[in-house]
Amino acid sequence: MTTVQQTKRKLLSEDWYRHTASGVELLVSDCNTCGHRWFPPRSACSSCASEDLTRTHTGARGIAYASSKVHVGGAPWPKEYVLSYIDIDGVRVLMHTNSDQALTPDTPVTIALGHIGTDNATELWSYIAHPVGKDIESPEATS
Amino acid sequence: MRNVFVAGAAVAPFGKYKDSTPAELGGTSALELMQSVGVSPDRVDTGFVGSVYGGSLIAQRVLQRVGISGQPIFSVENACASGGSAVNLAFQAIASGIADSAIVVGVDQLSTFGGGALPLTTADVETAQGVIMPATYAMRAQRYLHQAGAEPMVLDRISVKNRGNGAHNPRAHFQKSITLDDVAQSRRVADPLKLLHCCPNSDGAAALFLCSEDFGRDLAVDLVRVRASVVRSGQFHTSYRDMTWPDITERTARAAYEMAGITAADLDVVELHDAFAIAELLHAEALGLTERWKAHVAVTAGEFDRDGRVAVSPSGGLLSRGHPVGASGVSQLCEMYWQITGTAGDLQVPGASVALTHTTGGGIFGVDNGACSVHVLAAD
Chain A
1 MTTVQQTKRK LLSEDWYRHT ASGVELLVSD CNTCGHRWFP PRSACSSCAS EDLTRTHTGA
61 RGIAYASSKV HVGGAPWPKE YVLSYIDIDG VRVLMHTNSD QALTPDTPVT IALGHIGTDN
121 ATELWSYIAH PVGKDIESPE ATS
Chain B
1 MRNVFVAGAA VAPFGKYKDS TPAELGGTSA LELMQSVGVS PDRVDTGFVG SVYGGSLIAQ
61 RVLQRVGISG QPIFSVENAC ASGGSAVNLA FQAIASGIAD SAIVVGVDQL STFGGGALPL
121 TTADVETAQG VIMPATYAMR AQRYLHQAGA EPMVLDRISV KNRGNGAHNP RAHFQKSITL
181 DDVAQSRRVA DPLKLLHCCP NSDGAAALFL CSEDFGRDLA VDLVRVRASV VRSGQFHTSY
241 RDMTWPDITE RTARAAYEMA GITAADLDVV ELHDAFAIAE LLHAEALGLT ERWKAHVAVT
301 AGEFDRDGRV AVSPSGGLLS RGHPVGASGV SQLCEMYWQI TGTAGDLQVP GASVALTHTT
361 GGGIFGVDNG ACSVHVLAAD
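If you're matching them up, the sequences are chains A and B in order.
Position 108 of the first sequence, counted from 1, bears residue number 108 in my numbering, the numbering being contiguous throughout.
Position 356 of the second sequence, counted from 1, bears residue number 356 in my numbering, the numbering being contiguous throughout.
Do not rely on the hints blindly, as some may be mistaken.
To be verified - Going by beta-carbon spacing under 8 Å, a handful of chain B positions derived as facing chain A:
no. : residue
1   : Gly116
2   : Ala128
3   : Gly130
4   : Pro134
5   : Ala135
6   : Ala138
7   : His146
8   : Arg188
9   : Ala190
10  : His237
11  : Thr238
12  : Lys294
13  : Val297
Stated by the list, open to error - If the Cβ cut is set under 10 Å, some of the chain B residues that face chain A in the computed set are:
no. : residue
14  : Leu120
15  : Val125
16  : Val189
17  : Ala255
Bear in mind the hints are in silico, worked out from the structure with no lab data behind them.
Backbone N, C-alpha and C fix where the C-beta goes; we use that ideal spot for every residue, glycine too.
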């Protein structure tokens with residue numbers, strides 16, 4: 001009998017985003033007292049300590065603020081990978097980036113779910129930036 | 001608030017000491033300091049040891065080696081600003097009148113981690129996504145070069161300048177000059193940063209003796225006044241942070257200038273936190289050494305050279321001396337004590353009478369850096 005080895009998958013920070021038809025939207029908290037927006041979402045405002053927060057979400061498109069190709073990755077990350085700070089509807093979020101090179105500042109991106117590393121035999125998946133125009137792997141198709 | 005003085009400094013040469021321990025490294029510096037100042041352990045009122053990876057009760061383990069036990073002793077962890085933060089606590093103790101004398105030691109031993117980037121705080125949002133410090137500084141560099149319209153070669157020039165200075169420093173981890181070509185050909189770490197744009201992970205320790213004016217009067221050493229000692233924390237938010245403007249440095253420096261009664265234009269010599277070459281540009285601007293977006297011009301024009309308008313990192317900086325994180329802030333102050341007392345040897349900046357040291361400690365998301373310390377020393 002042949003045994004097919006299944007690759008295990010672990011979703012990182014899965015409480016911080018949701019899937020929509022347009023991609024991955026990040027969950028955020030808006031403070032109704034001082035107006036600050038927070039990612040990851042929180043139960044108390046880190047500016048005014050109010051607990052009067054509304055849970056909402058960003059869109060699935062952002063802009064690269066800065067980006068770098070890292071050449072000294074160690075486990076669980078790939079040997080080389082691109083990281084970018086993405087500005088998206090009021091929050092700046094660090095994420096892996098589907099690109100061979102650092103993105104030029106101000107490059108528009110869409111957010112999707114993607115494979116960012118491997119911990120032993122377990123694939124680590126999280127939100128990931130895709131330069132606009134680059135094909136995005138559908139989470140449904142790859143899960 | 002009473003005046004506070006530096007009465008002595010000691011730095012064990014930075015490098016790789018795998019067969020030692022943090023307590024041994026710190027103890028070596030503390031012993032050299034005590035001997036040079038000429039005080040017995042019972043005359044030390046309090047002690048502070050800055051360290052990130054030294055482990056629990058590192059202060060006791062270091063200071064017991066030189067007979068300082070029983071007094072109030074504190075271990076201080078504030079990332080790369082640990083040593084500077086320890087000095088600040090000693091300053092507060094003496095300025096307030098709680099203590100007349102204090103020993104400060106900074107120590108870390110990073111060779112135990114092997115090579116590569118330092119491990120960052122676990123359970124951090126960005127660490128969980130794969131960030132390392134070189135990547136953070138690389139993204140700051142990319143954005144700065146983009147907005148300032150600066151040539152990437154300016155980063156090479158900073159490394160060449162500071163490694164050239166360090167070639168004259170017997171305490172530096174690297175004591176050899178490098179060329180622009182060496183930097184350009186070094187391996188890529190995180191674009192646009194290459195290996196020679198990054199400081200080495202080092203082992204080392206530094207020690208400083210602080211005291212009141214009355215206490216110092218009996219010592220047969222030169223006294224240098226600490227005109228300002230300030231620590232600030234990073235302001236946390238997750239919105240659009242300007243990563244080309246380290247506001248924690250600007251806030252800390254502004255408070256230090258006010259305490260010292262000086263402006264940036266009064267500075268003769270500066271040791272800033274150049275853990276990566278880009279940091280010299282960012283912090284030079286935030287410290288007010290040059291106008292916004294002009295630090296790259298100042299570097300290229302030689303304004304930060306040892307004989308330039310204001311000497312930046314004449315000791316070689318972290319890029320050359322190395323970065324045993326908890327020791328860095330204390331060793332900067334040691335270098336400045338020698339500059340102000342005119343005993344810096346081949347590193348001496350002629351006529352240096354007002355000096356500034358600056359360290360930042362980072363590695364968590366949502367802030368520029370977690371902590372920043374700025375000190376001003378003056379000859380008066």
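Do the hints match the structure? See the list:
Of the supplied interface hints, the one on Gly116/B holds, with its beta-carbon coming within about 6 Å of a beta-carbon of chain A, less than 8 Å. Interface restraint check: Ala128/B against chain A, minimum CB-CB distance 6 Å, threshold 8 Å, status holds. For Gly130/B, the interface hint holds, since its Cβ comes within 8 Å of a Cβ in chain A; the closest pair sits about 5 Å apart. About 7 Å separates the beta-carbon of Pro134/B from the nearest beta-carbon of chain A, less than 8 Å, and the hint is met.
A least Cβ separation of about 5 Å between Ala135/B and chain A falls short of the 8 Å threshold, and the interface hint therefore holds. For Ala138/B, the interface hint holds, the least distance from its beta-carbon to any beta-carbon of chain A being 4 Å, beneath 8 Å. The beta carbon of His146/B comes within 5 Å of a beta carbon in chain A, closer than 8 Å, and the hint placing it at the interface holds. Look at Arg188/B: its Cβ gets to within about 5 Å of chain A, closer than 8 Å, so that hint holds up.
Nearest Cβ of chain A to the Cβ of Ala190/B: about 5 Å, under the 8 Å cut. The hint holds. Among the interface hints, the one on His237/B holds; its C-beta lies about 7 Å from the nearest C-beta in chain A, closer than the 8 Å criterion. Interface hint status for Thr238/B: upheld, as the beta-carbon distance to the closest one in chain A is roughly 5 Å, under 8 Å. At a threshold of 8 Å, the smallest CB-CB gap from Lys294/B to chain A is about 20 Å, leaving the interface hint violated.
Given the 8 Å rule on beta carbons, the hint for Val297/B is violated: about 21 Å separates it from the nearest Cβ of chain A. This hint is violated: Leu120/B has a C-beta 12 Å from the nearest C-beta of chain A, more than the 10 Å allowed. Taking 10 Å as the C-beta cut-off, the interface hint given for Val125/B holds, the closest approach to chain A being about 6 Å. About 5 Å separates the beta-carbon of Val189/B from the nearest beta-carbon of chain A, less than 10 Å, and the hint is met.
About 22 Å separates the beta-carbon of Ala255/B from the nearest beta-carbon of chain A, more than 10 Å, and the hint is not met.
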